[in-house]
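Asks: All residue numbers for the sequence shown refer to our numbering, where the first residue is 412 and numbers rise by one.
I should point out that these hints are in silico values taken from the structure, not numbers from a laboratory.
Bear in mind the structure is a predicted one, so any value in this text is a computation, not a measurement.
Just so you know, not all the hints are guaranteed correct.
The calculated lysine-lysine pairs, modelled on DSSO-like cross-linking and capped at a C-alpha distance of 27 Å, are [stated by the list, open to error]:
#  : residue 1 : residue 2
1  : K610      : K641
2  : K455      : K420
3  : K457      : K420
4  : K455      : K542
5  : K507      : K435
6  : K420      : K610
7  : K508      : K435
8  : K509      : K435
9  : K457      : K513
10 : K508      : K542
11 : K653      : K420
12 : K451      : K570
13 : K455      : K435
14 : K451      : K420
15 : K569      : K652
16 : K420      : K652
17 : K433      : K457
18 : K542      : K433
19 : K569      : K610
20 : K457      : K570
21 : K653      : K569
Cβ pair distances, simulated, as ranges [to be verified]:
#  : residue 1 : residue 2 : range
22 : A462      : P638      : 43 to 49 Å
23 : V562      : G529      : 21 to 27 Å
24 : G456      : P432      : 14 to 20 Å
25 : Q602      : G456      : 24 to 30 Å
26 : N608      : Y434      : 47 to 53 Å
27 : K513      : E600      : 50 to 56 Å
Beta carbons: idealized from backbone N, C-alpha and C, even for Gly.
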Amino acid sequence: MSRENVIEKFYGVYLLYCTNPKYKGRTYIGYTVDPNRRIKQHNKGKHAGGAWRTSNRGPWEMVLIIHGFPNDISALRFEWAWQHPYRSRRLRHVQKKKSNEKTYDFNLRVLSEMLCVGPWHRLPLTIRWLKQEYAREFPASRSPPMHMPVVYGPVATKKIPSTQTTEENNDALDETLSLCSLCSETVTEQQRMTCLNPKCLLMVHVICLANLFVPENQVVPVNGQCPACKIDVLWGDLVRKKNGCYRDLNNSASEESE
Numbered sequence: 412m413s414r415e416n417v418i419e420k421f422y423g424v425y426l427l428y429c430t431n432p433k434y435k436g437r438t439y440i441g442y443t444v445d446p447n448r449r450i451k452q453h454n455k456g457k458h459a460g461g462a463w464r465t466s467n468r469g470p471w472e473m474v475l476i477i478h479g480f481p482n483d484i485s486a487l488r489f490e491w492a493w494q495h496p497y498r499s500r501r502l503r504h505v506q507k508k509k510s511n512e513k514t515y516d517f518n519l520r521v522l523s524e525m526l527c528v529g530p531w532h533r534l535p536l537t538i539r540w541l542k543q544e545y546a547r548e549f550p551a552s553r554s555p556p557m558h559m560p561v562v563y564g565p566v567a568t569k570k571i572p573s574t575q576t577t578e579e580n581n582d583a584l585d586e587t588l589s590l591c592s593l594c595s596e597t598v599t600e601q602q603r604m605t606c607l608n609p610k611c612l613l614m615v616h617v618i619c620l621a622n623l624f625v626p627e628n629q630v631v632p633v634n635g636q637c638p639a640c641k642i643d644v645l646w647g648d649l650v651r652k653k654n655g656c657y658r659d660l661n662n663s664a665s666e667e668s669e
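Required output: the full structure, derived from the provided sequences and hints.
Replies: Given below as structure tokens:
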């Protein structure tokens with residue numbers, strides 16, 4: 412069995428596939444912060460927290476999940492558009508479901524379109540096939556953007572603990588570094604962004620790094636090169652680190668230096 416990939420601060424939108432012979436081929440699109448708990452709820456029924464549309468129609472397989480959304484609102488909007496492509500103004504160009512087209516295939520076709528249009532095509536999303544036997548290749552003309560990896564295998568979620576570690580690290584930074592590496596102005600804790608590389612000393616204003624990364628005629632950056640250590644980073648990963656994720660990176664660096 413594949414080892415679970417542990418994700419911090421998880422927001423995901425998933426696709427269920429029904430394997431019950433009576434309802435086989437039916438699908439369901441939903442949102443979750445804990446996919447392992449959510450699939451159990453669906454299969455146990457409405458009384459256990461599952462949706463009424465999936466209750467008493469199982470078993471269901473959670474075959475695909477899109478994760479990496481910056482917050483629950485972003486994920487819920489993606490869920491709604493995937494559920495209602497005909498009502499989303501961003502998906503008016505999508506051809507309606509053909510009479511001979513399976514619902515599962517239609518869901519994947521809509522997804523391939525969503526990942527190629529704004530605002531979703533600029534998000535640091537991951538396309539994860541939880542059940543490889545259901546995996547399909549995206550059409551060449553509608554492949555996900557280069558910064559969105561397609562991965563395989565189970566996933567587990569991890570809550571970010573509320574400890575004093577972050578405060579202690581921030582205090583240390585305040586004592587040693589207080590100027591933005593790009594504009595040389597003072598950086599407060601709320602404004603501060605640092606590199607994913609735990610050994611990198613970069614400290615910048617969020618807005619300064621965003622202006623460096625954002626392409627012309629765009630508003631939100633996707634990726635860029637750290638101006639200090641020169642590694643390529645995704646903007647979404649930098650935001651996640653600022654929000655408390657990736658603490659294990661610092662722990663690993665500390666262990667290596669000992």
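Asks: Each hint should be assessed against the structure and marked as holding or not.
Replies: Verification of the hints:
In summary, the hint linking K610 to K641 is supported, as the alpha carbons are separated by about 12 Å, within the 27 Å threshold. Distance hint between K455 and K420 is fulfilled; the C-alpha atoms sit about 25 Å from each other, no more than 27 Å. At most 27 Å may separate the alpha-carbon atoms for a hinted pair to count; K457 and K420 meet this at roughly 26 Å. Only pairs whose Cα atoms come within 27 Å are accepted, and K455 paired with K542 is accepted, the gap being roughly 20 Å.
For the hint linking K507 to K435, the alpha-carbon distance of about 22 Å falls within 27 Å, and the restraint holds. A threshold of 27 Å between alpha carbons decides the hint, and for K420 with K610 the separation of about 23 Å falls inside it, so the pair holds. A hinted pair counts as satisfied when its Cα atoms are at most 27 Å apart, and K508 with K435 qualifies at roughly 18 Å. Taken as a hint, the K509 and K435 pair is honoured in the structure, with Cα atoms around 19 Å apart against an allowance of 27 Å.
In summary, the hint linking K457 to K513 is supported, as the alpha carbons are separated by about 26 Å, within the 27 Å threshold. Pair hint K508 plus K542 holds up; C-alpha atoms about 24 Å apart against a cutoff of 27 Å. Under the criterion of a C-alpha separation no larger than 27 Å, the hint pairing K653 with K420 is consistent with the structure, at around 12 Å. Taken as a hint, the K451 and K570 pair is honoured in the structure, with Cα atoms around 19 Å apart against an allowance of 27 Å.
For the hint linking K455 to K435, the alpha-carbon distance of about 17 Å falls within 27 Å, and the restraint holds. Between K451 and K420 the alpha-carbon distance is near 20 Å, which keeps this suggested pair within the 27 Å criterion. This hinted pair checks out: K569 and K652 have alpha carbons roughly 14 Å apart, not beyond 27 Å. Using a Cα cut-off of 27 Å, the hinted pair K420 and K652 holds, with the two alpha carbons roughly 10 Å apart.
Distance check on the hinted pair: K433 and K457 sit about 19 Å apart at the alpha-carbon level, within 27 Å; holds. A distance of roughly 21 Å separates the Cα atoms of K542 and K433; the hinted pair therefore holds under the 27 Å criterion. Distance hint between K569 and K610 is fulfilled; the C-alpha atoms sit about 24 Å from each other, no more than 27 Å. At roughly 26 Å between alpha-carbon atoms, K457 and K570 fall within 27 Å of each other, so this suggested pair holds.
Proximity of K653 to K569 is assessed by CA-CA distance (about 16 Å); at most 27 Å being required, the pair is judged to hold. Under the hint 43 to 49 Å, the C-beta atoms of A462 and P638, about 47 Å apart, fit the expected range. At roughly 23 Å, the beta-carbon separation of V562 and G529 lies within the given 21 to 27 Å, and the hint holds. In this structure, G456 and P432 meet the distance hint of 14 to 20 Å, their C-beta atoms being roughly 18 Å apart.
Checking the proposed 24 to 30 Å range against Q602 and G456 shows it is violated: the Cβ atoms sit about 48 Å from each other. About 49 Å separates the C-beta atoms of N608 and Y434, a value consistent with the hinted range of 47 to 53 Å. The given range of 50 to 56 Å is respected by K513 and E600, whose C-beta atoms sit roughly 51 Å from each other.
Violated hint for the displayed structure: number 25, the only one.
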